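Number of protein chains: 2
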Amino acid sequence: MTSSSHSSTASAAHPLDDAVQLTASSSSAAGQYEGQTHPGYWNMVGPFGGVTAATLLQAILQHPDLLGDPLSLTVNYAGALTAGAFTVQATPVRTNRSTQHWTLSILQADPKSGEQVVTTTATAVTAVRRETWSAGDVPMPDVPPPSAQAAMPRGLGVEWLNRYEMRPITGAIPRQWDGSGDHSLTQLWMRDAPPRPLDFLALAALADVFFPRVWLRRAHHVPAGTVSITVYFHATAAQLQATGTGYLLGQARGQEFRNGFFDQTVQLWNEAGTMLATSHQIVYYKE
Amino acid sequence: MTSSSHSSTASAAHPLDDAVQLTASSSSAAGQYEGQTHPGYWNMVGPFGGVTAATLLQAILQHPDLLGDPLSLTVNYAGALTAGAFTVQATPVRTNRSTQHWTLSILQADPKSGEQVVTTTATAVTAVRRETWSAGDVPMPDVPPPSAQAAMPRGLGVEWLNRYEMRPITGAIPRQWDGSGDHSLTQLWMRDAPPRPLDFLALAALADVFFPRVWLRRAHHVPAGTVSITVYFHATAAQLQATGTGYLLGQARGQEFRNGFFDQTVQLWNEAGTMLATSHQIVYYKE
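Quick mapping for you: the protein sequence lines, in order, are chains P and C.
Using the working numbering, the first residue of the first sequence is number 33, and each one after it goes up by one.
Using the working numbering, the first residue of the second sequence is number 33, and each one after it goes up by one.
Don't read these hints as lab results, they were simulated from the structure.
Bear in mind that the values here come from a model prediction, so they are computed numbers and not experimental data.
Built from N, CA and C at the ideal position, the CB exists for glycine as well.
A portion of the hints provided could be inaccurate.
Claimed, not checked - One-sided and incomplete, this derived list gives chain C residues near chain P with beta-carbon spacing under 7 Å:
#1 Ala-56
#2 Ser-59
#3 His-133
#4 Arg-162
#5 Val-170
#6 Val-190
#7 Ser-260
#8 His-266
#9 Glu-303
#10 Thr-306
Just chain P, with the same shape it has in the complex:
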């Protein structure tokens, strides 16, 4: 038995669902949606990039012509979104028998000129998956369970971090910026906070939760921001459902840091050891 106030809390939308909420434009343009940035996922100078990726995926999932499930998503962060309204344009440019190719963009009125400017571009592929021979070639690392790891404290300075429960195993954010870093590998257990049953939207966002590898590699704090991220979805909807509100093991590593940009490779498994997604990104850093 729950009190009415509890019921009200329980039935309130999860902040992620609020953040990715899109309304089809009243205009006749197909695939045009209106959204709003969400203060709960605010980063330093714009929304958390993972939520922007999830919002673009949401436009695809809401599109009446959608074929299949997400297979790949590439998001390019051309400019920071400002707080407020934005427009998503999602276009299925080619639909084959079992794959569909999408181009997307986010547009927002420039605060000074009022003109619509592109803040984000993206492409995606959705696909009808069929059961085939399957195998993993990157087994989940042997790590302690989520319960054995302390959760990162809240209030680390940016609001979106409070929307995730993260339990680092190795490669936590440096406590001392003393230049002592010697590797770029992070492994952590993570899930939405409050817990939320996993779906493709949450998975897309979770692929982007890792703090900049350059901070870990150098134990030195420099300005950094994702320029482009790609997510490959390996999970079926049934595997996402089976994962539920359980933790994901996230693993991130930098490969090359050179002249202002580094790349990061990411793997995401559920607690049962199923690889749900792999991801890559190229990240700007200063100095």
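With the hints as your guide, set chain C onto chain P.
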């Protein structure tokens, strides 16, 4: 001293330069170029995907508004190009102080309807690189030099393979399709054939030379084709120039093979051990 016939041979364009040749359209549309598929890079049902990627990059490099050098390129293969003419549209949708965001597509007349259809979509980022603190976190594996490895024989069935010299170290294409595969790692030395000084175009194409990982993992031959590839460029133009006509060490590995699609991670170093590019792709396979 060279004879005139030798001179003539020496001055002929490399097949890769022929393949990526683009002519600005006479129409007023900025960033619109006309190209032709090249029989020398023909795969089974269309051009080698690496040359399509290089052609898209070429459109960017020829664009009068280009800022900086290639940083990232994502190409989505929506449908096979047929032999003949095609149109590339390259648009710099946003230019920042040191980065520029591109959207691209390839269009071709449908053989039946004559209508222009999208065969390929892409996004790219170019950037002005500045010298910063730099480090590699994936050192080149310790492998025998190119001279110690035999070159793959010519005439393996598809024409584009003859445009590359490949010297496998491990994970060569299976000799027997007997289902005995147990890993998906390939390491090989490679370069253009005939040798051609390395540039961003050749590097983009070289990121896609690996045969489908599913063939190696299973030692079983199934239809397979790249759906989407991303290349991150770490090299400066000076590092490419220093690489010259030397070999690259290419390393490719599958991560997850599931329900008709697998992903592949790739690293490319020059002989001096400099990481020139990293790449990822998601690939369709049947059965």
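So, going through the hints one by one against the coordinates:
For Ala-56 of chain C, the interface hint is violated, the least distance from its beta-carbon to any beta-carbon of chain P being 23 Å, above 7 Å. With a cut of 7 Å, the hint placing Ser-59 of chain C at the interface with chain P is violated, because the nearest CB-to-CB distance is about 21 Å. Checking His-133 of chain C against chain P: minimum C-beta separation of about 4 Å stays under 7 Å; hint holds. Nearest Cβ of chain P to the Cβ of Arg-162 of chain C: about 5 Å, under the 7 Å cut. The hint holds.
Interface hint status for Val-170 of chain C: upheld, as the beta-carbon distance to the closest one in chain P is roughly 5 Å, under 7 Å. For Val-190 of chain C, the suggested interface contact is broken, since its CB lies about 22 Å from the closest CB of chain P, more than 7 Å. For Ser-260 of chain C, the interface hint holds, the least distance from its beta-carbon to any beta-carbon of chain P being 5 Å, beneath 7 Å. A hinted interface residue such as His-266 of chain C counts as satisfied when its beta carbon comes closer than 7 Å to some beta carbon of chain P; here the least separation is about 5 Å, so the hint holds.
With a cut of 7 Å, the hint placing Glu-303 of chain C at the interface with chain P is violated, because the nearest CB-to-CB distance is about 17 Å. Violation of the interface hint for Thr-306 of chain C is found here, the shortest Cβ-Cβ separation to chain P being roughly 9 Å, above the 7 Å cut-off.
In summary, the numbered hints that this structure violates are 1, 2, 6, 9, 10.
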